[in-house]
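Undergrad: Sequence:
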Amino acid sequence: MVGSGTGGLIAVALSKEKTSLDQCQEAFGTICRQSYSVKTPGVALIHRVSRALRSRPQYGRSGIREALKSEFGEKKDFFGEMDQFRPDVRVAVTSINLTNNRTTLLSNYRRPQPDDACEIQHNTDSASDYEYDRPNDPAGEMKTWQAVYATMADPRYFGTLPSISGRQFIGIRADRVKLAAAARAEARKIWPDIAEPDLILSLGTGQNRAAVLAELLKGPKTGDAPGNTQWLRNGISDASSMAKWWLRSDNDVLEAERTWQEFASQPASETSKAPRGRRVRFNVDLGKEAPPAQDRDSQIQRISGLVGEKLQESHRCTAVRSLAHHLVALLFYYNEQATTTDAAGSRHT
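Residue numbers for the sequence shown follow this note's numbering, beginning at 153 and rising by one.
No wet-lab data here; the hints were simulated from the structure. You may find that some hints are simply not true.
Stated by the list, open to error - Using 35 Å as the maximum straight-line C-alpha spacing, the simulated DSBU-like pairs for lysine-lysine come out as follows: (1) K221 x K341; (2) K191 x K221; (3) K221 x K295; (4) K370 x K227; (5) K191 x K228; (6) K228 x K170; (7) K440 x K191; (8) K295 x K228; (9) K168 x K462; (10) K227 x K168; (11) K170 x K227.
Build the full structure now, drawing on both the sequences and the hints.
TA: So this is what it looks like as structure tokens:
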């Protein structure tokens, strides 16, 4: 699993040993409530102006720090804690390494590398431009709560953590990183004998589908393509610059959908027979509702209830059931013996 921002929080929580979906949802709500409870100190008027200009974080670090420590433990490493995560899960989160202003993947696993002495490896897959962070020195390992903080550290809301072995991170908006392409690239690195994953499932935060489709039909706007961090690489000097980068897109939901559309339209690997149908995106249509800001707890609860209602609609139940059947089918393996055609023209294997 690969996640960014609160999606990174969910990915790591789902990966924990013996954690159910209900427990994960409860943990998400608890962490959000605690994280956005400690306001940055300051005079009220100055604080409101700063908030409007996005020139300083709105919340102090103590709330989110203590919430994450409570959920993931204070001393557990993101990598190497065998009893922390389910053994069959590889999970990663995205962040921005302020040392070089590059999109970086932080993971709970180690993948084969050409040079074991290389601490930071640049991924050469043009469809998913990021760096893979894996320190060789155990002293450079991040704690699990630090990795989650690094992906959630939206500079509009939180300041950065103190340097970790010379590295400092801020969060990156989900629409600015090609998560599906990164997941596929990582799967190829971890399991090089598998050309294409059995299934790539992308989950969104909700959308106004009619409005998004109308914009997608217009085509991309001129300027930076979704996920392009070239402006970011020119340097981030202060919180105002960070916030400016975060605010560049008018619609992060639209950009996330456009990024997925581009990925889904790409052909599968030349050595793979996997159809594009193995790439599935679920992003519930909320109608005129908009996904709430991550610090709006009451709205998050309301939207959560709305999504639950939407998922009970017949066509969505059918889609979820079809996906479940597909996943179950992947648990079985068979060797194709022969293909025949009956009198009615139907083919049987």
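Undergrad: If a hint holds in the structure, say so; if it does not, say that too.
TA: How the hints compare with the structure:
no.	hint	result
1	K221 x K341	30 Å, holds
2	K191 x K221	19 Å, holds
3	K221 x K295	9 Å, holds
4	K370 x K227	49 Å, violated
5	K191 x K228	28 Å, holds
6	K228 x K170	16 Å, holds
7	K440 x K191	30 Å, holds
8	K295 x K228	6 Å, holds
9	K168 x K462	28 Å, holds
10	K227 x K168	15 Å, holds
11	K170 x K227	19 Å, holds
Hint check: a violation occurs at hint 4 only; the rest are consistent with the structure.
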